[in-house]
Each structure stands twice: as structure tokens, then as C-alpha cells.
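Novice: Chain F: place on chain A using the hints.
Heads up: the sequence lines are chains A and F, in that order. Reading the first sequence from the start, the letters are residues 1 to 806 in full-length UniProt numbering. Reading the second sequence from the start, the letters are residues 1 to 414 in full-length UniProt numbering.
These are calculated hints, taken from the structure and not from any lab test. Predicted, not measured: the structure shown is a model, and the values here were computed from it. Each hint can be trusted.
Beyond 12 angstroms from chain F on every Cβ pair, some chain A residues (computed):
#1 E52
#2 G425
#3 S719
On the chain F side, residues computed to face chain A include the following (Cβ under 8 angstroms):
#4 G23
#5 G44
#6 I46
#7 P48
#8 N76
#9 S78
#10 Y81
#11 S82
#12 V108
#13 D115
#14 Y134
#15 M190
#16 S191
#17 K237
#18 R268
Note that CB positions come from ideal geometry on N, CA and C, so glycine has one too.
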Amino acid sequence: MPYLGGEETVRELKRALSNPNVQAEPLRYRNTVLRVVRAMSQGVNVSGLFSEMVKACATVDVVQKKLVYMFLCSYASLNPELSLLVINTLRKDCQDPNPMVRSLALRNMSNLRLPSLVEYVEQPLTAGLRDRAACVRRVAVLGWAKLYNLQPGSDIDAAVVNELYSLLRDPDPVVMVNCLRALDEILKEEGGVVINKPITHHLLNRMKECDVWGQCEVLRVLQRYRPQSDDELFDILSLLDASLVSPHPPVMAATLSLFLSLCADLPAVSLAALERVSGPLLAACGSGSREMRFTALCHIQLLMRSVPGLMGPHFKRFFCGYAEPAYIKQRKMQIMVELVNDENVSMLLDELKGYCTDVNTDTAQAAIQAIGHIGRSYSDRCLEILTGLLGLKQDHITSAVVQTLRDLVWVCPQCSDTVCSALEGCEETLQDSQGRQALLWLLGVYGDGVSSAPYTLEAFIDGVKSEVSLGVKMELLTATMRLFLTRPAETQDMLGRLLHYCIEEETDMCVRDLGLLYYHLLKCGIEETRNVLQGRRSDPSLGVLIGRPAQPISQWACSFNTLEPLKKGGTVTQTASRGSPEHEASKPKTAVELPETLDCSHIHTDPPDSASTGQRSDSAAELPAASLTLSLSPTLSPEEFERRWLQRCSLQSEEAAEESSDFLQTEERICCSAVLQRSPQTLQAAMQLVNIQTLAFTPPSTLPWRVFFYTHTAGTPASTLILGELLYAGEADPAPKDEEEEERKADGEAAAEDLTGRKDRQVEVKVTLKQQPKDEEAVRAFLSVLSTVLHTLSSERHDEHAATHL
Amino acid sequence: MSASAIFVLDLKGKVLICRNYKGDVDMAEIDHFIPLLMQQEEEGMICPVITRGTVHFMWIKHSNLYLVATTNKNSNASLVYSFLYKLVEVFTEYFKELEEESIQDNFVVVYELLDELMDFGFPQTTDSKILQEYITQEGTKLEVTKTKVPTTVTNAVSWRSEGIKYKKNEVFIDVIESINVLVNANGSVMSSDIVGSIKLKTMLSGMPELRLGLNDRVLFSLTGRDKGKTVMMEDVKFHQCVRLSRFDSDRTISFIPPDGESELMSYRINTHVKPLIWIESVIEKFSHSRVEIMVKAKGQFKKQSVANNVEIRVPVPSDADSPKFKTSTGSAKYVPEKDLVLWTIKSFPGGKEFLMRAHFGLPSVEKDELEVFFLMSIDFFVRYMKIIEKSGYQALPWVRYITQSGDYQLRTNA
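So here's chain A without its partners, still in its complex pose (with noise of 0.2 angstroms):
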């Protein structure tokens, strides 16, 4: 920093520095010295008095020598060849009696950080390590650690090893921690200090002594040791326990992270300590300091990637408080919307929508975004709250709701209509573009529900010219070509006004390219133009309720307890809508990208798994679809399959018949082998394919084996409803129960015989329909659709076999 009349602060201070009256009177001259560094810290570029400064540590004054010593070091690197002086007297402290003078001569010898000068400074070092106060061993061990840092090819002295680990049995605590620390860095090359067991149980009884960093240190160390038996492993263990529940939060991450590293082949203890530290670990969530709450908070997440329901019992415990910062804030939504369950789902909603009225709009996004994935679960509540906030009419609060609301509509289809009927309005607050482009979106795709859709499009292409925002104008162009094939006769108009400004006045290529390409799809004819622009409104596959898998521990044990977790790229962020072609493509975008998006945002016929479509393609063409049709809509919301689902269940045990008038429920057996190691993703896009949607996935390879998904045939001689369940029950089925009872029974021999030879025998797999109105053809020709997709996902998995095999 620039510091006005700092080249006169130099000369003065120069001329007072060689004065021989003030080196004569010790309070002067440690007042000059004083100034000296004082101007450093301030920015004054003192290097010009360093040789003055290097007499001036001959002194008897340890302040001044102190000093002057940090002087030194600052500036060595700009003045090598007088920096030798110092040597001389550095190393006459060094023979001191005083062992604070020794440890500190020692100390700045070892950060002049010079590699011309570590000849001189490795003797006194050497001695050091032997010095009996335990204040210049703990200086001495790690300067040699500076040095090896210093000069990182050079050879490593053998003898100096053996004397730090040697050390190690140091009866001064910090000296055996600073040897691990030493040998760390000079042994980096070969992977840093080596434990052994005698070293390990050394460390382990003398951590008591040691105080919060010390332990960290050892602890860190302890994890590159591998215990030669599960006895000793056990012992460790049960010596860490009381260190694993430590009220310093370093500590115990510390622990915790030893524990899973040792623990590495035994999920089932991992996952107890896990559940051992939540304590701790909420504890210091309350902590004093925010920036520690912030680290508890991130590694918590950590956790929840392997342990969702670690901290299911304790989700009050993440309310926000008022004066909390928003990182914090952000954070703690994030684990809320992860421990949503049917118990606190409204208490966490009523929470949330407390937090949509924040002062930080950041915060009051956050939680709007927040509820609104929650919605993907539990839509009906949190359509409510969501319609409810546009009732405010803050223009930050309406943006983030209509951006939420699309991001739910895509996931969730069956939430349209409310949708539709929120959106009247919204046009009056809306400010930013990205919530603009969100309602332009929606009338788009949606304009069909939407009666007043043509009058907000016709005021935002009145608007058009004044528009500065390039995502919207894009935005707008593609949702009046929709809104023109859905309601033909009133956009028409207007359609021409603006495909006219965009061709003949827009000065953005981008735009002007997108009206020409439109305006030359239009001449092509209203049925080609309905091909490319009437893609999927929806991909419900994204809302299945698979809920996250857990993850391995290994997975992220590694970067436990280090800064990694902390940064934002470091969790997996519930903000940013995933999946959604259509989102990506209302970006602002440049003119090369320009075919990409339109590729992605209108042509919706690759399903999630693109990677084996080809072949499944073929084998969905082959199917004996011809003679029924399936259909996904009117789409079902995960909360009515469960209400028709569990009504069908008590009709049937209240009239003990199979059978009602509109109503039919059949069950069947299916053999294919392996579809239950099939991943749910591969099962759903498979199924989706033929028009099945699947709704809920237990997670693979558990028993019972479940999946739960619907369908509509259309058709002759009335379109039915079909929900359906597979089960696969297996061997180690606890006990069934209610109407299925009976089967699981007769299942029993079948199962056990399956696990035994899962790998390569045949799979039956149970079938539940559950049909409305009853239409025995259709549910015939549904079912063997279904063994169809399932067959064929078997062969595929036989497939598989066959090549790892060769």
C-alpha cells in the first residue's frame, strides 16, 4: 500500500538508526526500532534499512530482539548476502542460556527461509533436538520440517529421522506432536510418517495429555494405520470412543473421520458412530460461532448422503433464527427439505413459508425454492402456500414462485391446473427476467388453462421493442408459437406482429434467427410445426419417489472433516433445477448454441437413459401394442395412487370377493431373472417407454422388492385405469402382511430357492392390477406388455452376463 512521505519516514528513520547517541541509550534505539516496524506493518517499503536493522539485533533486549528478528525475516529473501550477517548472531543466541532467547534465535534462523544459508543452520537444529528445554525441542523439530520444505528434492538425512522419531517418546507433548508434523512434511515424498503398532499405541495413550490440536494432529495421523487384527481393532476403537462424543467439534470430526477409515470394512460400526456423533454434532450446530455452525452443518449434510434418516428426529433443530446469516440459513433449508416426512411435513412447510417473507431475497428465494421441492412429494400443501405468496406481490417473492411453480409443473404435471389458475396476475409484479421467462413458459406450454394468456402475451409483445433482455425475447417468441397452435384464432395476430418486429427490426442475430426459423415453419404446415413444437410438457419421471439412494460411506469420507465440504460445489445444491431440458434452453444463450437449444427444448422423444434407448426402442417396437393403447395422462399424483391404491385394499377384505361391477383385481406371475438389480432408472425408462409410469421404487437389491406404477388404456369399449405393484417378497421377507398374505406363502419355497441362485435362475416376480372400470381384454393385453419390458430387460441383463463371462 502506497503510504504518502514514506521514502522520507525512511531517510529519517535511517539517520536515527545509525546515530550513535540513540544505539547508545537502549530506550531509544528499541523505540526506533519500534517505528521501523510499525512503518512495516503499515506498508512502508522499509527494505533499505536492513543492514542497519542487522546491527541492531545485537542486543540484550529480547522485545527489540524479537523485533528485529521479524524484521529480518520479512526482508531476507530481497537481501541474501547481508542476511549472512545475521547468521553470526543468531547463532550466539543460539548458545543463550535463556531458553525463550534459544528457541526464538532457532526459530527465525529456521524462517529466513534462504537456501544459502541452511548449512549454517542445520548444526544449531541438530542441537536443538537435544536442548533440555522442552521450549527449543518443539522450534528445533519443526525448523528441520522448514528446511526439507525449503529445499523439497534435497536427500533426506537419515540420522535426523531417527532423532524425530525418537522423539516421538518426547516427554513434552507438543514436541511428539511437532515430530508428526515434522516427518509428515519431510517424508511427503514417501507418503509421510510411517505408523506402526508400537507408534500407534504410543500415540493413542499419550493423546489424553495432549490439548485440542495436538489430538487433531494425532488423529489425523492414526488414519493411515491399519490394525493387524479385529481385537486390536476393537481396542482402538473402544479407546476413541470418548474422544468420538468430544465437546470440541475438531475433535470429534477427527474421530469420527479415524473411525471410518478404520472402520472402512465394517459398514455396520461405521454407521453406528455415525449415529454417535449426531449429538455432538447438532451440539455444535448451536455453537457460538457462526462459521463452526456453518462447518457442522455442511458435514451433517455429508452424512445424510449415507444416514437420510440420521436426523430425521431432530428437524427442529435446523429452524432458522431471525439474525442468522443467510449461508447458514440456505444450508439449514437445504437438510430440511432432505428430512420431509409425512409426520413434520407441515410443520417444515409452515416453517418454510416463514422464511419466504426473509429480509436477505436471496434467503426468501432459497426457501421458495425450497417448499417447491418439497412439492414433489407433497404437491397439494405446497401449491397452497406457493399460490398463496402471490398474493403479496413482491416482485422477488412472484419471480422465485413462478420459476418454482414451472420446475414443479415439469416434474409434477398433475399440478397443472392450479398452476394455471395461479398465473393470472403475475404478469403486473414480475420484474427479472428469469421469473419473466418462467411465466412465459408456462403460458406457453400451458396457455390451453390459462384464459387470459393471449392478452399477457399481446402486452409483453407490445413491449417487445423496449425489451433489453434476450432470454425473455426468445422466451417469448417460442411461447406465442405454442400458445398460436393451442388457441389459433386469438394469437394469430399478434404472432404475425412479432414475427414480423423479430425479422425485420431485431438486431440480436439470435432472435432474428429464431423468428426466421419459426416463420419458415409455419410455411411448412400447422402439423409439422405441431411436431417440433408440442414436445413433453412434463417428465414425471424426475418426481419419482425414490428419494435420494444412500450412498457409501467411502464415498465422501474422504473429504470429511477437511475444507472440501464447505465450498458450494462440495453438496449436492436443491436449488438448481435439475434435469429439465427446457430450463437449460431459457438461458441466454449465443448464436453457435443456437441449434443445440432448440434441439433439446423442442424435441423431447430421448428419454433419460439415452444410452440404451436404441436397443430398447426395438424391442418396445415388437410388442403386441397394436391391440391397446397405453397413456400416461390425465397423469396420477403420487397422493391418489395411494388413496385408490389402499381404497381398492379395504374393498376387497370388506366383501371377501375378488370381484366388484366396475372393478377387477387379478394377480400374476412373470418370470425374469435379475430385473431386480435392474437400477429403478433403467426399469422406469423402460416402462415409460411403453407408457407405464412407474411411481415408487424400493431401493434395489432389499427385500421385498417392490414397485408401484399406473397406466390408462384407451380404447374400446371405455378407458381404464390400471395400478399395479411387483413384488418380488424373496427369502427374508418380515413378516407379510394383510391381503397378500396367502401368496407370500405359497411365494415362500419359490423365493428360497431364487436367493440361492438369484444370479442366472428365473425370477417370478409378482404382479398386483388393480383395474377400473374392469376390462379383463385390456388388463390381459397390458399384462403381457408388461412381461414384454420385463422379459426383455432380463435377456439384456443375460446379455450382460454372457460378456463378462467371455
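Specialist: Positioned in the frame of chain A, the structure of chain F alone reads:
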């Protein structure tokens, strides 16, 4: 751990003092810190870690200072933050107030401390009691030969030095509890807990051995006397002087106390606390440009008790102006820099009810959380304190209970 360098900056980002421990991060990197922080602040996305290229800045803010640690490794974040807070703690014990001025006035001591606290990026001696023995502000006085080696640097009992002498031997015990309550708009308590700490001020000679008895429920169930008023403690945290092995086996808190002031233990009690002061608020809107907020506060505690220095903070929109207040007791004022109305009541007797009315011009959104700060007292007590010293002198223990409100929030419907 490995922090590469530690910086103390003022609010404008000027480096007040810095110490380069490892030399593997360019010291000039710090110039980017404040611009990055400002940028994050504008985007509303402030984060305690700022990354620029390979350099990470981990920072905390204390009064008008930023304390920043830089590192280029994936180091242990919680340890770095603990260290930064330790710095604050040590500096505060030295200078009472840690702020820009005290750093500048004492920069020699700060340099000395930074030198001792950390070496090569690793924390070394961080106990301020020990540090105070060989780094003193009186260091500015000239001592020609300072040959006395502080015993504590190598001592077995690192927190207390030998040969302390007092004329009158006394121990002061302060039980300080703060209540955290969150009450939602319909009056139900969402979460509540008590965070407490026991502070000691020891003025005892020699190496005394102290034993402290508390009415912890764990303690009672072990001795089989599970009667009376007991409380369950969680997250108990002790000073390093407490013998944890003794505590684990028979729940006695025995220790050799550090000399002078120290925090012996801290704990959390997770109980259902009735909000001691109940707040109701009504917000009335007259036309678009005027609003009246009425706040009613009621003391829900014993008539004989008095809460002192009650502060009720009512958040108001940032665009509020021309405030007018009417209070039945105490005084209210508008704090525009924090966007709130501060209503202070010097003494608030139990069972009483007070009113405050505030008029504002032109607020837009209504915020609906109130914060209350007050001092009062509750149900946790020290049963005994035994002092054992070889010389067998007489010593007096003094106990005092203080209750503060911690994070005390009542939400109201606007």
C-alpha cells in the same frame, strides 16, 4: 491444519498485521480478499470460505476486524476456525477489547503472540494463561536479563504455575445461563433450550484441589437419590483442568483450577421453557403509506421477580421513515441501520403488562419476528464446593446465579 498465513484486516481490507507461517502462499493474495467478499455480499451469497484459484481464505469477523487465514491445501476447516476464534480469545484477554485500535496500540505484543501461537502453520502454545507469563504488555519496560523460564511451558499442570500466594483465599463461582426460545405465531414453543456455563474466579494459594457438586440428574441416578429438582444436562464441555476420568466413573467434578478467571464448564439443558415474557403484536395499515405497530409485552414469571434491562427488538421494513412512539413504560427508539425498533424496559416486574405503539410512514413488507433480551433467574444450583490444599488453609466459595436471554424469538402474525 496448516494455515499458510494469518492476517488481521480492518473493514476496508487494509492489512493491520500479518504473519507468514509457511511461505507457500503469496502474501499479496490478501489484496483480493475484500473485493471478493464485497462481490459475494452484493450477490447475497456470503460464505465463510472464499476461494480464488488455489488459495482459500477462511475468515471470521470480530467487531471492526477481519481475521483471515489463507491456505492452499484442503485443510481442516473446523480446526482453522477454532484457531481463529482462539486468536480472538487470546487477544481479548490481553487487550480487553479486540478492535482496530487495540491492535494498532499493541502491535508489538500482537507480533509476539502470533509468533508463539503458531509455528509453520501449526498451533503451538494457545493457552493465554501460559502466554501471559512470558509475553506481557509491560514488555515495553526494559528488562535487561530475563532469565526466568516459565515453568508452565514444561510443567505437568500446564494451566497453573506453582507458588501462587494470596492473603485471602476465595473462589467465586458464577452460574450463567442463557435461554434460547423460539415461539411461533400461534403461541406454541417451537424449540427451547438453556445454554449455561460455570465461570470461576479463583484466588487460591498453592495447588488446591477443588471438587464441585451439582444437581445433575445423571449424578443423582448414580448415587440412587433420584428425588427432588434435578435437571438433565447435555453437551457438557469441561475446561481441560477437570479430570474427565473421575467424572466418567463417579460424576465428581474435581480439578486443580487455573489461577484467575476461567470457564470451568459449559452445558446445554434441553427442557421445555415457558417464555418468560409474552409478546403480542398488532400491525394496522392505514392507507398505503402509514402503519401502526402495537406491541404488548407481558411478564409471565413470579410477581416477586424482576427482569432487568429487557430489550424488545421489533424488525421493521428498511424503507420505514418518520417513526413516532408511545410507550406505557421504558423508552423506544428507531435504529435505522439495523432496521428495527428497540424498546428498552429497565425493570420489568412479573405479572405486569406493558404497551408500545409505533407509527411509521411507507413500509412495504411486514416482517414478523421479535427478539427479546433480558436478565432473570432459574432452577439449577451448585450443591457444594470443596477445596483441598496441602497446607489446609481456609477458603471461601461464593456462588452467584445469573440468567440471560440468549436467542429469544417470538414470531407474530403480521
